[in-house]
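There are 2 protein chains.
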Amino acid sequence: MNIILLTAEDLTGDTCAEIRDQRRCQHILSVHQAQVGERIRAGLLNGNMGSGIMTTLQPDLIIIEDLIFDEPPPPDLPLFLVMALPRPKMLKRVLQTVSTLGVKKLVLMNSYRVEKSYWQTPLLEPESIREHLILGLEQARDTQLPEVILEKRFKPFVEDRLPALIAQTRALVAHPYSETPCPTGLTEATSLAIGPEGGFIPWEIEQLEACGFEGVHLGKRIMRVETAVPFLLARLFH
Amino acid sequence: MNIILLTAEDLTGDTCAEIRDQRRCQHILSVHQAQVGERIRAGLLNGNMGSGIMTTLQPDLIIIEDLIFDEPPPPDLPLFLVMALPRPKMLKRVLQTVSTLGVKKLVLMNSYRVEKSYWQTPLLEPESIREHLILGLEQARDTQLPEVILEKRFKPFVEDRLPALIAQTRALVAHPYSETPCPTGLTEATSLAIGPEGGFIPWEIEQLEACGFEGVHLGKRIMRVETAVPFLLARLFH
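Protein chains in written order, with the UniProt record's numbering: chain A, 1 to 238; chain B, 1 to 238.
No lab work stands behind these hints, which were simulated from the structure alone.
Just so it is clear, the structure is predicted and the values come from calculations on it, not from any experiment.
Virtual Cβ for every residue (Gly too), placed ideally from N, Cα, C.
Keep in mind that a hint or two might mislead.
To be verified - Restraint ranges, calculated between C-beta atoms of paired labels, are given here:
#1 Q120/B with T56/A: 30 to 40 Å
#2 D60/A with P183/B: 40 to 50 Å
#3 R39/A with E179/B: 46 to 56 Å
#4 D160/B with P202/A: 30 to 40 Å
#5 R41/B with K152/A: 27 to 37 Å
#6 H217/B with E188/A: 36 to 46 Å
#7 R161/A with Q58/B: 41 to 51 Å
#8 D160/A with D70/B: 12 to 22 Å
#9 E125/A with L61/B: 16 to 26 Å
#10 I201/B with D160/A: 49 to 59 Å
#11 E188/A with T7/B: 41 to 51 Å
#12 E179/B with R41/A: 54 to 64 Å
Claimed, not checked - If you want the footprint, here are the derived chain A segments under chain B, 3+ residues with CB under 8 Å:
#13 140 to 148
#14 228 to 235
What the hints assert, rightly or not - Derived EDC-like pairs: lysine to aspartate or glutamate, alpha-carbon spacing no greater than 20 Å straight-line:
#15 K220/B with D70/A
#16 K220/A with D76/B
#17 K220/B with E151/A
#18 K92/B with E147/B
#19 K220/A with E71/B
All chains, please: the whole structure from these sequences, using the hints.
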């Protein structure tokens, strides 16, 4: 937690906030080891970043006063990310990583190699998704919550909705058997599709190509999804 | 497991191997769903890659025959990595990721913000380190086991041993307060130091700079170590 993110519900006035949930209170007390009177970095969810002064530090109540939000959040990545739904254990980390890296729009979609049970995880509840996205923002020092869309059926999504989502972007799909190496130093708006463990099946690659995606590879090494995401994003934009 | 890694102990002849451990047997049976007579990708630990034919498939014994090892492993990354020891939960994944990405020499060192208890984890036993490195190789399709060195004291390591280790390399330290952005497209031998959560303390940065390291930053976003590793490696080399 490299920034304390405040929501509208935390604010008790224009320049004052009260934090009452255990997670943030505990973190501020035990990890930050904040002192009364100390000015600490804070941000307004979906707003600006800034700071405030700790005036009360209790295990179940932290009051921050003299809040100012005078700094814009870091720039977004110009990336729309489409991922095959990872298995639950990986999903948590992927949501945090995507949020940390500055992606603002993510579709989690079905694919042949996505096990049906993955769609049953409580991690896909909106509150749980939001929680992991916020952890990622707190890590990065960002305030802008990404949007996450769930698409449980591959074909209608790719045929009917994906074309509009990738319009005006350069659309790439990470595919180990592609001939084209992953481009670097992009500055234009980009869409990126990442398959499940084991990869997209050939029919899915055909569908994505028909939709306008270009296959790109990352070299000979096969990466887990949670490694491939930061690797691809670092390579695409710099 | 995108390649079956065989050790000298698995080989029962020049072209024949027996796998008896539960982890690999189970994976081959349940994930690969291999069939008797099928040719499957295999590699010799610290040797070449190739393939062999499954002739026996039992829960506790898999026999592979007609093994040929005719393909070199993918090229190493020209990188020597020095990391502050991450907390145990992250250490597992970091070892796998580093191994997947092709790093062949890794030092895990102490730093002011590394909690003493981290050095007590059984994950640092040589057998455990080896196990996680092998998982990373199996993921990547590589056969060359990285070397991991533990350095429990920062000062004598950085003063006495690190200078020789980074000789003839471009030495970089990831440091959010540096003015220099992380370089890209390197082809020369490179050394990279990555700090603990919370970063190196200023004295440690001074010591590393005195040793020949140049600070580089990754932009405004602060990443967890397990995200920073693939991100930095993707950016440095492409």
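For each hint given before, does the structure comply? Return the numbers of the non-compliant ones in rising order. 3, 4, 6, 8, 9, 12, 17
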